[in-house]
Amino acid sequence: MLKARIIPCLDVNDGRVVKGVKFQNLRDAGSPEELAAHYEEQGADELVVLDVSATRQARLAMLETVEIVRKQLSIPLTVGGGVGSVEDAGRLLNAGADKVSINSAAVRNPDLVNEMAQRFGAQCTVVAIDAKMTDGQFQVLTRSGTEAETLDAVAWAGEAQQRGAGEILLTSFDRDGTRSGYDLPMLTAVTNACSLPVIASGGANNVAHMVEAFEHGAHAVLAASIFHDGNMTVNDVKRELAHQGISTRTLVS
Amino acid sequence: MIQIINTGVANIRSLQAAFDRLEAEWNLTDDASLIESSSHVVLPGVGAYSAAVEQVDALGVREVIVERIRSGRPTLCICLGMQMLGQSSGESPGVQGLGILPCEIKRFSNDVKVPQLGWNTVTPDPNATHKFYEAGEAYFANSFRLVEPPDASTGWNFAATDYGGSFVSSVWKDQVLACQFHPELSGPWGQQLLKNWIAGGPS
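In order, the protein sequences belong to chains W and H. Take the first sequence: its position 173, counting from 1, is numbered 173 in my numbering, and each next residue is one higher. Take the second sequence: its position 178, counting from 1, is numbered 178 in my numbering, and each next residue is one higher.
What the hints contain is simulated information worked out from the structure, not anything from laboratory work. Since the model is a prediction, treat every value here as computed from it, not as a measurement. Each residue gets a CB set at the ideal place from its N, CA and C atoms; glycine is no exception. Worth double-checking, as some hints may not be accurate.
[Claimed, not checked] Per the computed footprint, the stretches of chain H lying under chain W, defined by three or more beta-carbons under 8 Å from a beta-carbon of chain W, are:
1. 13–26
2. 45–54
3. 177–187
[Unchecked claim] Away from chain W, derived, C-beta distances all over 12 Å, residues of chain H:
4. A32
5. E36
6. D57
7. A58
8. E67
9. S88
10. V114
11. G118
12. P150
13. G190
Kindly generate the complete structure, drawing on both the sequences and the hints.
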């Protein structure tokens, strides 16, 4: 059967990996190529690189970052952040991404999901959804969490599936960087409403949080802080998951 | 020199990066004569079945590919490249595949999440006459797959993987190797598979 996936995430700003809390207060966490190699060696199943740059110049630097990371990486690479069009996605794929995640632009123009799926295939079309609990609903946020949309995350995940997406990257704004665990109610609601693989993101601090996410329907878990801080390696996580009866890709050494 | 057929719809940077890491020279081509004459050829593919088949026909390389494979020369077919070996696919009814394997490609059942995205175990048939790789875990990204293994009398060997039931995750015969998974994204195991294919067998 398909294995549970552990995906370290690199938030990249102008060629450097950064990490913040609730998408703010970014601090430096290292070079993308070094961290990518490091995580692959530790047994990461995939890598997600998100461009969190604010300037145009920094955005252009992203293509170079993707090229450098691709050269050494023999596992899948998903790239996202600021992807506004099919052409943007094509440039990232051409630089070496295997999958491209779209977020704000897809909310503005949902046809972008269809266009990407038709042009590049469902397997490389990842719809990233940032959401937070508001009045009992999971409200979609765009532009790095700065804009609240009149869109429900559960409905949007279902629509993304209809439009041809291949995977959902679901980030809880409330939990991001807080180390208080994944947003399980949101995860359950989305995995029940949509038959695509869902990557849980935002809030992981330990293996117990990851076990919870898998038990609530996640196909993969994304984490940044716990790996960047060096408290735990990917392989440590996998060893612990195995004890909990969750099967992952084993590292052959 | 490894000639990678430019099927247009494939994202092949990761494949090229994998060959670079193995220090294997490659070239992206749509030239039928190169595809015919080169020692090694890769038929890659992601995206839609019809688009990939149409591209092969638009390039006029269908016969050359079929002939290479029939004569067992080193040819690696990846993902959609493997599916194209069949007669047809449920993804694009009416579109004629390369017809090398007497089978139709079908969508996964609705009992599992589709696409299959992630790592799964690939187990070569114990009766295989030769092998390019040992059992291992590979990265898959597919919604369609080959269900029935080719009959042993055809000379094709196969490996199986379980996703809502067993499916054929790889077939090989002579120096032709087809993989539903992506060896170029399958870590050290996949890298070793590519190395073995280039070398003509396990080293």
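Structure-based check of each hint:
no., hint, result
1, 13–26, "holds (count 6)"
2, 45–54, "holds (count 3)"
3, 177–187, "holds (count 5)"
4, A32, "25 Å, holds"
5, E36, "28 Å, holds"
6, D57, "19 Å, holds"
7, A58, "17 Å, holds"
8, E67, "28 Å, holds"
9, S88, "19 Å, holds"
10, V114, "7 Å, violated"
11, G118, "5 Å, violated"
12, P150, "24 Å, holds"
13, G190, "6 Å, violated"
Figure legend: structure checked against the earlier numbered hints; hints not met, in rising order: 10, 11, 13.
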